[in-house]
Amino acid sequence: MRADYQLSQLDVLEAEAIHVMREVAAEFERPALLFSGGKDSIVMLALAEKAFWPARIPFPVMHVDTGHNFPEVLEFRDRRVAELGVRLIVASVQDSIDAGRVTEETGRHASRNRLQTVTLLDAIEEQRFDALFGGARRDEEKARAKERVFSFRDDFGQWDPKNQRPELWNLYNTRIRRGEHIRVFPLSNWTELDVWDYIARERLEIPAIYFAHERQVFERDGLLLADNPYVQRGEDEPLFSATVRYRTVGDMTCTGAVSSSAATIAEVIAEVAATRITERGQTRADDRTSEAAMEDRKREGYF
Amino acid sequence: MDILRFATAGSVDDGKSTLIGRLLYDSKSIFADQLEAVERTSRDRGEDYTNLALLTDGLRAEREQGITIDVAYRYFATPRRKFIIADTPGHIQYTRNMVTGASTADLAVVLVDARNGLTEQSRRHAFLATLLRVPHMVLAVNKMDLVDYRADVFESISEEFAAFAARLDIGDLTFVPVSALHGDNVVDRSANMPWYDGPSLLHHLEHVHIASDRNLIDVRFPVQYVIRPQAATDAALHDYRGYAGQVAGGVLKPGDEVLHLPSGFTTTIRGVEAPSSRGATAIPEAFPPMSVTLLLDDDVDISRGDMICRPNNRPAVAQDIEAMLCWMSSDRVLTPRSRLIVKHTSRTVKAIVTDLHYRIDVNTLHRDESATQLTLNEVGRVRLRLTQPVFCDPYARNRTTGGLILIDESTNATVGAAMITEAT
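Protein chains in written order, with the working numbering: chain F, 1 to 303; chain A, 1 to 424.
FYI, nobody ran anything at the bench for these hints, they're computed from the structure.
Nothing here was measured: the structure is a model prediction, and the numbers come from that model.
Any given hint might turn out to be false.
As the list claims (entries may be wrong) - One side only, chain A facing chain F, incomplete, derived with CB under 8 Å:
#, residue
1, I3
2, A72
3, R74
4, R96
5, T100
6, R228
7, A244
8, G271
9, P275
10, M328
11, K343
12, G403
13, N412
14, A413
Glycine included, each C-beta is placed from N, C-alpha and C at the ideal position.
Just chain F, same shape as in the assembly:
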């Protein structure tokens, strides 16, 4: 079948990600997988399903719910989790606000993006998780380009980018003390295009908002934001109807849509291959705060 013993790039990336997942299942006591219903976590969950088949996925999935998610995505999340028979833990930012752990931001640029970190770290502590799979990729952002596959977090959940554990070959140091944890990124070496190619090859289902649809939107700082009850729209930000799709899926308050007529995976891939703008640059308000916005949030314990 493979006389030259060649593997495609997707086969190599899949083999690497599955190795990582099995390593976590073998070496940690209480791992969990962060699942948002976005495309990267959909791929990650599909890889977990494959890694342990015919057994069930040997860890629960967790969603940090800001309360500002797209309803289509939450519906998809619940259906997918039910299909797999895995346990879903929802950590709610609203609960953190109600409990006085965090204070809701106010004003026009109010977002729960940054508040998620506290909810996430509280949930990790409460559930005593020692390893958490995240779908982050190194091609997404320059601070992420520096991060290890197995990324150590101290007992405050903090990342110390200047003092990362050397990571050689496929040997991962999984040793931690109680209270510390490891963030594990099986898709580290995947690019946005690899993720889409894999979704196409494996015929993975994704939420409908990834495909072109009609939506009421308004423009802010060059982003097309969906009309939604969680964001204060100014008088200078009129609503209009546009044919858009989402390139990333996050909070409704800070995730922008892109103008698109791509109605199929093949059309989305063609657009992604041709685009001249990064996905976070095109769609995320949360990265625009400063040059090092992602590094700063990651240091605090963000995804």
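On the provided structure of chain F, position chain A as indicated by the hints.
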């Protein structure tokens, strides 16, 4: 389309960041918003050119100090290949990060400045790439524009490097004269150097043959995880026991007779399964670096950390190991009698350093046999005694079964990496 992983070594002064920027830019892998951000920052900092190093230096401290501290991974693709660049720091104080980047590389690009010729740093980079057994090396003689594209400058640097390389064990060495700033011989052949008849750097990266770098002879399957569905309700799955792992060497097929270590029992492969969520998953064979599940004929007691190989081709079952070791800790030194944790394939054991034979000067290759310790970023030849055996091969034969990491038992930090030379 396959993947080539390559590491770049050299300092900002050698034009490494410019070269990477050029590869990314000319292969249309830099996005408009990234370039805008870099241009804006360059302008704000009062620099009169677009500083492409800002693309790769992602950490605040790196931007402030203008140096690369840690490995950054970059991705680009051409119609022929997908590339993963491990962009590694050139300064000696970040040797451990260069070692990290080189450990998985298929190819290393060592940069030199044509005006300065070979430096201590270029020799060190070549040595470390060889130590990590990166199978292919390219010496990129950069800034050819500043020496008027002269053939004799390129030839004399190439000859000097070839003489140095003869003392190392480099499998495949290629020389390319480039100007990263102007793009000569980076993506396209340069009209400024008609005397050079070799390929451009990118052409070489696209065509270098890496499929045979893997060991497809010695069957090595470290058992990583045992899959047992324990589904009492499903009769078909009730007795399922699959041995999951990533193939480290050789080709495994159903019907092959295999030997299990440490027990020494032989059995036969009943099936090879690819990861799948859709039922039929049997595949005719498995080879590196596939992650697969093996089904065996006999009910042998097999667990994580064990090894599956062929009866007539076994790894060493070793408790005493000779190795080249790179020390990576600034908090602790390595001395004879140091106690450490060793992680090798899927096995973790305790170890004691029984001997430090010599320290090697990574710049001159001089061996100092009077050395009594290794400090951060130092490399030496050691002997380790393990509390339990590992199933290993010389690193030169297999990078997976020949490599190990060392962990400090009290801090849990990764403090070293070692390449096995002999095992008994």
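Enumerated hints in conflict with the structure, sorted upward: Hint 8 alone not satisfied by this model.
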